[in-house]
Amino acid sequence: MRTTAWLVLTLLTFAAWCSATRAQEPPADDIGQVVKRTQRKMVKVFGATAGRVEGFGTGILVSPDGMIVTAQGVYLDGSQVRVVLADGSEHQATVLKRDRTLQLALLRIERETPDYFDLSRPPEFARGDWILAISNAFKVADHDEPLSVMLGNISLATTIDAQLSARDVAYRGELILIDAITSNPGAAGGAVIDLHGNLIGSIGKIINSSETNTRLNYAIPAPLLAKFVAGTALSAATEATTETANRPVELGIRLLTVGSRRNPAYIDQVTADGPAAKAGLQPDDLIISIGGEKIGSVNEYETAIGKLRAGEEVLLIIKRGSKVLQVPLTPIAKQ
Amino acid sequence: MNHQSPCSSIRLALCRVAACGLLATYLAMATRCGVAQELRLPASNEIRSLQLTARAIREAVIRAEPALVTIVSFGGVKSVAGRIGGIRAQGEGNTTGVVISPDGLVITSTFNFVQRPPIITVITSDGQTRVAELLGQDNTRKICLLKIRDAANLPTLEMVDPASVKVGQWAIALGVGYGDTTPAVSAGIISAKNRIGGKAIQTDAKISPANYGGPLLDLHGRLIGICVPLNPQSQAIGAGVEWYDSGIGFAIPLFGQQALLERLERGEQIEPAFLGVQVVADNDQAGLLIEQVEAGSPAEQGGLKIGERIMSLDGEAVPDIVTLKQLLSRREAGITVALAVRSSESEEIRTVQVTLGTPPRNPQASQIEPPKIR
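Sequences listed follow chains S and D, in order. Per my numbering, the very first residue in the first sequence carries number 4; after that it's consecutive. Per my numbering, the very first residue in the second sequence carries number 53; after that it's consecutive.
Keep in mind the hints are simulated off the structure, nothing from the lab. In this text, a Cβ means the ideal position worked out from N, Cα and C, and glycines have one as well.
So these bits of chain D aren't anywhere near chain S, every CB distance computed over 10 angstroms:
(1) 208
(2) 245
(3) 334
(4) 403
Heads up, simulated DSBU-like pairs for lysine-lysine below, C-alpha to C-alpha not over 30 angstroms straight-line:
(5) S:297 - S:326
(6) S:337 - S:281
(7) S:39 - S:230
(8) S:297 - D:199
(9) D:377 - D:218
(10) S:326 - D:199
Given only the sequences and the hints, what does the whole structure look like? Please build it.
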């Protein structure tokens, strides 16, 4: 009896384990096997070198008829884009389209391949899971040499507004932070896969974080790659950024601007019967957040106010003495 | 996919086995991929063992998260000259802190607090925003203590005795510096112990402004140390930041540091020790020859003279400059040490009591340098 019970229990455990690992790729025993399989789905991309911008990148095959997703960049602007497959064969690529929000480009080579990533079945993952990041960072590999492989973990799936100056990058949207150091020349467009070889995302272009002053190592999630390839990408992402052309609003307060505009946003005066007065704001209150955005200075206050709409309630967080208060407030249109 | 998953074939085989009662075959299968073996992390299946590690990492993070806070400060940061390409200055992002007492003592890195921001708010794991004040600061360890106002019953972290931490064991760094209040995870191993004058533990988990002030955890979610930027070659405020995400990272253990924490709670400033001599080692003779004594320095006040030799510090011989530096780095400003000094003329050795001070302020060094990015 006891043996039977044990057997049933073991079977149940097996069933649970098997359903937990429902992956599109067959489970493998060792990483070497997974990497070998993945290398065949990846390409080296060589384009034009322009000034300090490197003329090479990494790409992934996403269809049996030679479609390749890689990182968008000026290196694709030259007259020729050369793609090298894992077997060392070279192909001229056509640039089909680019997306400046996702910083992705779609290439096409005249070559059929049984080896490609199926973008329709993204794997599940969680913070702390292992990933492999495969790319041609620093152009270490050429011809049929295999790409470089790094082991790391998923740090965080998040959204980031890369408020970047001018040159090169303007990615905004969802991304997957990883702790493998992938923010290096030529790595962008490479694959970030789970331990079974399923595509989690594509290595993003170099970004310096506005929050921490450091480079981010991240992947653009596979579902966004799929949308980009299918041509349904990003109307939402681009629309979300059109906060301009609103009529200016006012809250009915004047800030203390003596000295520098980098000073914290202390309230100096509250207009009688204005929105702030109605909401109970007082002189000497310090505004520390508007609509979830940190307000560290008079300048930041003015930027945040520019994004508000008249009649739409917004939550302010203020500091009064040693208390932190949340104050809902409805701005009015500027007279 | 044409591949038939070995997993489902095992399941099929097992059904057949169970039906036919071929127990021998079943046992063979069970031994090959049974639960027991899974737990013993078979070396032959590296992916499976990595997956179990990932699970342990996730669980450690979940255990530690309630004791983490997001610190947002206002004012106090001068805009740094020479910002790079519009990137924000140090001190403006979110910072991670670790709650070490239920009534709201929070330890963090000095990285974002060197300018003592006048207004500090803390978001605890329950989502509440509260005001906090900055208490003491240890500039030798680059940590500082905050107190959250009106806090009670906050969850804290269990601390690990650094003596039980082993080089090569897993280590997990957490931090909210990317701007999300959910901390980002970075995993690695313990690389070395007793670094930076015995104050720090070294790890290859990626340490950066995103997790300065955050915890370095073991696989059980216990606190090994607080992540800070450090560089053994420099005492400068921003030193160590240039090694961010490089695989050279440091954490300050707090286990058994009750005395230190009490000093910080009293608001004390702990500064690196400074002696004020320039010495040179001479292979022929023991000790270190004093070549220069800085004016107004503790060395001058203690009566050290050019041409004398420093033989030992608190009874420990100083055969070379590195040893003297190490002995000093284990101490701090305000501590009195006994130096054995040999006179330049005679063989006579006298003992000099010197109260260590702080290095003279370099007006240029007071500016915080942002990490250097090409």
